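Peer 1: Listed here are the chains, written in short residue letters.
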Amino acid sequence: MFKKRFLAVILLSFLLASCAASETNSIQIKGSDTMVNLVQAWAERYMEKNPGTFVAVTGGGSGTGLSSLISGTCDLAMSSRNIKDKELALAEKQGIHAQEIKVALDGLVVVVNPQNPVDRLTLEQLAAIFTGKIVNWKELGGADESIVLLSREVNSGTHVYFKKYVLRKNNPGSQEEFAPSALMLSSSQAIADEVAGNSAAIGYYGMGYVSASQKPVAVAQEPIGDYVLPLIETVMNGTYPISRPLFLYTNGTPSSLVGAFIDFALSPEGQDIVRVMDFVPLAE
Amino acid sequence: MRKFKEFIIEKLIVACGVASIFFVVLIFLFLVKEGLAVFKSVSFSCFLFGHKWYPISEPPQLGILPLILGSLLVTIGAAVISVPIGVGCAVYIAEIAPMRVKEGLKAGIELLAAIPSVVLGFVGMVTLVPLVKNVFHLPTGLTALSGSIMLAFMAMPTIVSIAEDALYSVPNNYKEGAFALGATHWQTIWRVMLPAASSGILAAVMLGIGRVIGETMAVMMITGNAAIIPKSILVPVRTLTATVAAEMGEAVVGSEHYFALFAVGIVLFVISFMINVTADLFLHKRP
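Taken in order, these protein sequences are the chains called L and V.
Just so we're aligned: 23 in this note's numbering is position 23 of the first sequence, and the numbers increase by one with no gaps anywhere.
All you need for this note's numbering is the position in the second sequence, starting with 1, plus 1000.
Here chain L stands alone, though its shape is the one from the complex (with noise of 0.2 Å):
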């Protein structure tokens, strides 16, 4: 009896199992922290409007997405920073061939505490508070306090970006680290709880995590330059200095379910859900 039982048990999980493998119709999509959010809006919105279809959005970090596709693992790789050279090798080695499609823009947005009587800084000077050169909120005219990093993972698509184009300038000879004091959190909402507690705490994520808890700085590309605020009218213009675009990488020429979904995230639809998502629209 007890036998018979397990034996159809088993049999079942494996028509189960062959029941999942059948499904054709289904879009694995794999990467960026920083997109989950919105490519999940993308997803729902898409499923909505193709019943039948089936999108599936994971994270964890556009190293990870990027290796899954050069894997064979998702159809999609989410990515907040370019495709490395390293990783564009792996995948010709591997017969896959990695196509960057550009699908919106994102600002960093520096963010401190709203105590924090500090609200402007310029590319200089967040540069020397990373880098560890500025230790004490009172350089920068603020209260006599040391001041508290807060950065991404290195598997975050952001603290590469953050590193590359304000620790280092977009300077490739340059050999700025950040300070080894910062501290390491593993996600962006990490981030802005500690901020959110913290007075002394300066951290960068991207647009669609400021709430009325943290206050973003605004930041001027030369020391005597204007001084921008983080928004989507700023960050279209090019006049925000600290922005990069979000991509979504696939595996040469897209199937035709693929890249559907991919026309959709580019069409009107898709571009005002980037907006209601915090993020910037490509421009017309």
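Don't read these hints as lab results, they were simulated from the structure.
Predicted model only: the values in this text are computed from it and were never measured.
Heads up, some of the hints might be wrong.
[Stated by the list, open to error] Partial chain V-side listing against chain L, Cβ under 7 Å, derived:
{"#": "1", "residue": "TYR1054"}
{"#": "2", "residue": "ILE1056"}
{"#": "3", "residue": "GLY1224"}
{"#": "4", "residue": "ALA1226"}
{"#": "5", "residue": "ALA1227"}
{"#": "6", "residue": "PRO1236"}
{"#": "7", "residue": "ALA1246"}
{"#": "8", "residue": "GLU1247"}
{"#": "9", "residue": "GLY1249"}
{"#": "10", "residue": "VAL1252"}
We put the CB at the ideal spot given by N, CA and C, even for glycine.
Let chain L serve as the given structure and place chain V on it in line with the hints.
Peer 2: Just chain V, lined up with the frame of chain L:
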């Protein structure tokens, strides 16, 4: 037919027994194979004693001394907190508590062991971290101390249950002998029971520490993960486990960073192996 059945069952059980060792060996070989490749690009001493951990720079700087010290600091802190409380709790359960309290306490401790570490980490992040920040007037509460306190909670169930077993297995006539000589209850516990159970209690402590040093999720959430050489317990630290967990997703397969993370895995494996072997030595040294 019956003989044949016996034969099959016997072989199956042997296979189960060998399988676990087989897997450990496989895991170790894989670790070594992937991890040792890092020493093509950095020397052994630069890796173990380097002060800088910048794995994604060009060229990468792969010094894990801050990570080793971070792990040790958090672990020692957790041991200092959990060992006295854990052993005290075991003594109370084994020797003093009345039957009903005993059952309740044991159930509670088992429940503590059942809390997933991510939940403990989350609770710690929301409650303990702000508390540590305010009590010590620190710039941030994400420190080694917060990690130690949280991990002490995690080590406690292991320490209590094994230490209690050890106390329980001390022959009853030891206690009766002590009482007969006119010793008080406390004198009996301190002078007779604890020394008699000492090897088991040491094993409990070692296994608790082994659990702490391998713990990942909670420390990643509440120790701040800054790769600096800690000068006190009130600064952020980055542990070996958190480094592997946080960076493995990004590391390009076959890069120096990837190999370095496996080498970190070897270091962890060696540390916990030594701890377990020590615990085993104590466990088998019966009074």
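Peer 1: Against each hint, give a clear statement of whether it holds in the structure.
Peer 2: To see whether the hints hold, each was checked on the structure:
Proximity of TYR1054 (chain V) to chain L holds as hinted, the smallest CB-CB distance being about 5 Å (cut-off 7 Å). Restraint check, ILE1056 (chain V) versus chain L: the minimum CB separation of about 5 Å is within 7 Å; hint holds. At its closest, the beta carbon of GLY1224 (chain V) sits 4 Å from a beta carbon of chain L; the interface hint therefore holds under the 7 Å criterion. The restraint placing ALA1226 (chain V) at the interface with chain L holds, with a minimum CB-CB distance near 5 Å, inside the 7 Å limit.
Checking ALA1227 (chain V) against chain L: minimum C-beta separation of about 6 Å stays under 7 Å; hint holds. The interface hint given for PRO1236 (chain V) holds, since its Cβ lies 5 Å from the closest Cβ of chain L, which is under the 7 Å cut-off. Given the 7 Å rule on beta carbons, the hint for ALA1246 (chain V) holds: about 4 Å separates it from the nearest Cβ of chain L. Hint status for GLU1247 (chain V) relative to chain L: holds, with the closest Cβ pair at about 6 Å, below 7 Å.
Because the beta carbon of GLY1249 (chain V) sits about 4 Å from the nearest beta carbon in chain L, less than 7 Å, this interface hint is met. The interface hint given for VAL1252 (chain V) is met, as the beta carbon of that residue sits about 5 Å from the closest beta carbon of chain L, less than 7 Å.
The structure is consistent with each of the numbered hints, conforming to all of them.
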